[in-house]
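Spelled out from the first residue to the last, the chains are:
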Amino acid sequence: MVGFLLCKEPTLLSDRDKLMALMQISEPGEQPIQQEKKFAIGIDLGTTHSLVATIKDGEVFVMPDENSNLLMPSIVHYGKNNIVVGQKAKEALIDDPDNTVISVKRLMGRGVKEIAQVAKQIPYQVSSHDGMVSIRTQQGEVSPIEVSAEILKALRKQAENVFLQTVDGVVITVPAYFDEAQRQATKDAAKLAGLNVLRLLSEPTAAAVAYGLDKQEKEGIHVVYDLGGGTFDVSILNFTKGVFEVLATGGDSALGGDDMDYVIAEWFLNEARISKALSASDLKLLIQISRQAKETLTEKKNTGITFSGKAANLTRDIFNQLINPLIKTTLIACKKVIRDSGIDLDEIVDVILVGGATRVPLVKEQIKTFFKKMPLSSIDPDQVVAIGAAQQADVLIGNRPGDEMLLLDVIPLSLGLETMGGIVERIIDRNTAIPVSKGQEFTTYQDNQTGMVIHVVQGERELVQDCRSLATFELKGIPAMKAGVARIVVIFQVDADGLLSVSAKELTTGKETQVVIKPSYGLTDEEVETMLRKSYEHAGKDVAARALSEEIVAGKQLLMQLEAAMKEDADALLSEAEISVLQEAMKNLFKTIEEKNRDAIRKAIKALDEASQSYAQRRMDTSMKKALLGKNVQDV
Amino acid sequence: MKKAGVGVEKVLPFNFKLNYFELFDLPESFAIDLKLLRERMRELQKQCHPDRFINSTPQEKRISMQYTVFVNEAFTALKSPVTRAAYLLKLHDVDVEFEKNTAFSAAFLMQQMDWRERIENDCSDEVTQEIESAENETMDTLERLFNKPDNESLLEAKELTRQLKFYEKLRNDL
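Chains as they are written, first to last, in this note's numbering: chain A, 265 to 900; chain B, 133 to 306.
The set of hints was computed from the structure by calculation and includes no laboratory data.
C-beta atoms are modelled at their ideal positions from N, C-alpha and C, and glycine is treated no differently.
Hints are not guaranteed to be accurate.
Claimed, not checked - Sample of chain A residues lacking proximity to chain B, with all beta carbon distances greater than 12 angstroms (derived):
#: 1; residue: N333
#: 2; residue: K344
#: 3; residue: K455
#: 4; residue: V527
#: 5; residue: I538
#: 6; residue: A576
#: 7; residue: T707
#: 8; residue: K746
#: 9; residue: S799
#: 10; residue: K851
#: 11; residue: D863
#: 12; residue: E874
Unchecked claim - Covered by chain B, according to a simulated footprint, are these stretches of chain A (three or more residues, beta-carbon under 8 angstroms):
#: 13; region: 663–677
#: 14; region: 689–700
#: 15; region: 753–763
#: 16; region: 824–830
Said to hold, decoys possible - Per label pair, the in silico range of CB-to-CB distance:
#: 17; chain 1: A; residue 1: L771; chain 2: B; residue 2: P159; range: 27 to 37 angstroms
#: 18; chain 1: A; residue 1: E726; chain 2: B; residue 2: E262; range: 22 to 32 angstroms
#: 19; chain 1: A; residue 1: E842; chain 2: B; residue 2: D227; range: 39 to 49 angstroms
#: 20; chain 1: A; residue 1: N331; chain 2: B; residue 2: K301; range: 54 to 64 angstroms
#: 21; chain 1: B; residue 1: E229; chain 2: A; residue 2: A380; range: 40 to 50 angstroms
#: 22; chain 1: B; residue 1: K232; chain 2: A; residue 2: I596; range: 49 to 59 angstroms
#: 23; chain 1: A; residue 1: P665; chain 2: B; residue 2: P159; range: 34 to 44 angstroms
#: 24; chain 1: B; residue 1: P159; chain 2: A; residue 2: E791; range: 29 to 39 angstroms
#: 25; chain 1: A; residue 1: D608; chain 2: B; residue 2: S256; range: 14 to 24 angstroms
#: 26; chain 1: B; residue 1: F240; chain 2: A; residue 2: D730; range: 28 to 38 angstroms
Based on the sequences and whatever the hints tell you, model everything.
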């Protein structure tokens, strides 16, 4: 698809003049206007560290903070009157650990009961209401989504400070093994941070992109072994002709380098004979010390640990013994994913290492033994994910027209419905290519039944109680009929971000039923709106003004997109009558934007959307045909 | 715009009325060139995937999503022997009825029981090989049957497809 042509904004012309100028279809033979590059960034939102990167003039830039650090600690400190993120928050960890949140990624999309199973030690004070975790700070209770939003805001600021440009779009990475609830939480955090998310990208796929686009890398089957701070992913990808296709993915979204720190901490408590339970703040401190010990042991054969007046000496041998079970767990996941992908071990071209924890010597050794290959880490394992994300952001925002790079991902865990007796009926299998859509038919069991509740879960087990509850979907407005007569088709759609949406229709009447979503461990749309409102009010911004400006931006965007499209092929695809109908609707939208009437703008956007439906269809058909037959629009 | 691979030239302007084989310009048969299937899927995705429409109008984004879902659905169905056979049956108006607990032949059931017993007695490797060769035999027969799909052949194909699914499940459980 040829990239859209955008006008460079002349600063002296009024808005109206600019748009009116665009309204004239260009003469054949006229030079197309140079496309201005947009500022797109890639964010690696990690458990322990986060990074932000971009592509400028074909080169990768990982953007540093004011102290030239590339890695920003994923730590947020809630002071009495302020919020601090990153290195400064890490310093606050020593003085005020109770109000300093670390590893919030482990809490995203999770309930309190799950946290207890997931992390052996929880160095926070958590509370729950309706199942979702929240963290107690001196500024009140905060949701993990709000904490993550603070990190994202800080990263965006970091990027904007370096290039003095506003961010137009971002690709945020998530563990491939993140389930729907965890992904949705990440997207909600981005929304709170005011970011335009181009795509949620799987971390292993991002790493594959970074290596693949390095031109040194051969085509074929690649394995990405990604051991991050709190999550483990292993993905098998096929890379050929610019297309990265995930064949299968596996892992553990509650296993990571952090766990190595925990086992060291536990070992120390044992060695030093400290049997009394530690406070949350002392625990946080001991974990930091343990982490340092782990890192030292990468180079040295032993290291001393001092805490609470006691000391112990940790050798590399003991450390290896402590972490061996953890690594074995990752190799079991590797076996499973190889089986799922259907490939043979000897088909693998390369094994790519991602995540700081892969620096641990025993990890590298065991990977080499298992895959019978020397794993690659030529691109810094801490930066590789952000780099890949930046590459994709650059392509998606349109800075590389004609670039054929494409990422085809899969859903990591099966989706199912709860049926009689608490059994899971599977609708979508794990490792199915996304986007994907499946329909399921239901009927009513009572006369005049107008509603229905569907419980969606994610996981591989047979019983609902052993899977993750994602959400309940309430269907309302089923036309009243005798029991068993209604035919309700429910469509489950998973988009390219791995997010689920549900729609329902009653077939005999053709009536769409209303679907009300109640996420099990997430926020409803209303709750996100409330949080957004809270944050605007906190920042002193006028809520109504913000809502209006959002509509205006949406309206202007639609106008510009249509303008660009019509400039290309309105003459070839539309009759004069059709063109004038469209232009009428566009003029109407433009008028409502000028009048700054929010409701009118929304109505006008909807009207223009509908009016351009068949034009859009024709464009798609033509461009597909054109691409497939290698011809020009004019020749069709 | 790059010219697509040779076979894809023959594909009509993309539409939902195509069956899965037509979509990928592959012959309607049980035997399939998996490499070619994958190549054609990639070529189609390069044109229709939502990532190509990030800056497009909401209408175009919706259509792109629908096209891509269709391509994925078709690819997933044709990629594996069981779903491919089930789809071929569907094209001939035969419902494979996986969910129905229609009885299998006694011989088939005996074989299953024998295998499961031997798996419990630690003969997994041997059994895996036997299952694989039974699968290959079944697939060869299916190929023959679908090449001459009269009523009798289709009924037999239905039975064999259901058996093939059994073998697949057994191998996955191992």
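Results of checking the hints against the structure:
The claim that N333/A lies off the interface holds: its Cβ sits roughly 31 angstroms from the closest Cβ of chain B, which is beyond the 12 angstroms cut-off. For K344/A, the non-interface assignment is confirmed: its Cβ lies about 42 angstroms from the closest Cβ of chain B, beyond the 12 angstroms cut-off. Listed as a non-interface residue, K455/A keeps its Cβ farther than 12 angstroms from every Cβ of chain B; the least gap is roughly 17 angstroms. The Cβ of V527/A lies farther than 12 angstroms from every Cβ of chain B, with a closest approach of about 33 angstroms, so its non-interface assignment holds.
With a least beta-carbon separation of about 46 angstroms from chain B, I538/A lies farther than 12 angstroms from that chain, consistent with its non-interface assignment. Here A576/A stays apart from chain B, with its beta-carbon at least about 45 angstroms from theirs, past the 12 angstroms limit. Its beta-carbon lying about 16 angstroms from the closest one in chain B, T707/A satisfies the requirement of being farther than 12 angstroms from that chain. For K746/A, the condition that its CB be more than 12 angstroms from all CB atoms of chain B holds, with the nearest at approximately 25 angstroms.
Listed as outside the interface, S799/A is consistent with that label: its C-beta sits roughly 26 angstroms from the nearest C-beta of chain B, beyond the 12 angstroms cut-off. Distance check on K851/A: its Cβ is at least 17 angstroms (rounded) from any Cβ of chain B, clearing the 12 angstroms threshold; non-interface status holds. Against chain B, the non-interface label of D863/A holds: every CB pair exceeds 12 angstroms, the least being about 19 angstroms. Not every CB of chain B is more than 12 angstroms from the CB of E874/A (nearest about 9 angstroms), against its label as outside the interface.
With 5 residues having a beta carbon nearer than 8 angstroms to a beta carbon of chain B, the region 663–677 of chain A meets the requirement of three or more and the stated coverage holds. For the region 689–700 of chain A, the proposed coverage by chain B is satisfied: 5 residues have a C-beta within less than 8 angstroms of a C-beta in that chain, meeting the threshold of three. With a threshold of 8 angstroms between beta carbons, the proposed coverage of the region 753–763 of chain A by chain B holds, since 3 of its residues qualify and at least three are required. Only when three residues or more bring their CB closer than 8 angstroms to a CB of chain B does the claim for the region 824–830 of chain A stand; here the count is 3, and the claim holds.
For L771/A paired with P159/B, a C-beta distance near 34 angstroms keeps the hint of 27 to 37 angstroms intact. For the pair E726/A and E262/B, the supplied restraint of 22 to 32 angstroms holds, since their beta-carbon distance comes to about 27 angstroms. Checked against the hint of 39 to 49 angstroms, the pair E842/A and D227/B passes, with Cβ atoms roughly 44 angstroms apart. A beta carbon spacing of about 57 angstroms between N331/A and K301/B agrees with the range 54 to 64 angstroms that was offered as a hint.
In this structure the supplied range 40 to 50 angstroms holds for E229/B paired with A380/A, their Cβ-Cβ distance being about 45 angstroms. Restraint check, K232/B to I596/A: a C-beta distance of roughly 36 angstroms breaks the suggested window 49 to 59 angstroms. A hinted range of 34 to 44 angstroms holds for the C-beta pair P665/A and P159/B, which are about 36 angstroms apart. About 53 angstroms separates the C-beta atoms of P159/B and E791/A, a value inconsistent with the hinted range of 29 to 39 angstroms.
For D608/A and S256/B, the Cβ-Cβ distance of about 18 angstroms falls inside the hinted range of 14 to 24 angstroms, so the restraint holds. In this structure, F240/B and D730/A meet the distance hint of 28 to 38 angstroms, their C-beta atoms being roughly 31 angstroms apart.
Consistency with the previously given hints fails for numbers 12, 22 and 24, ordered from lowest to highest.
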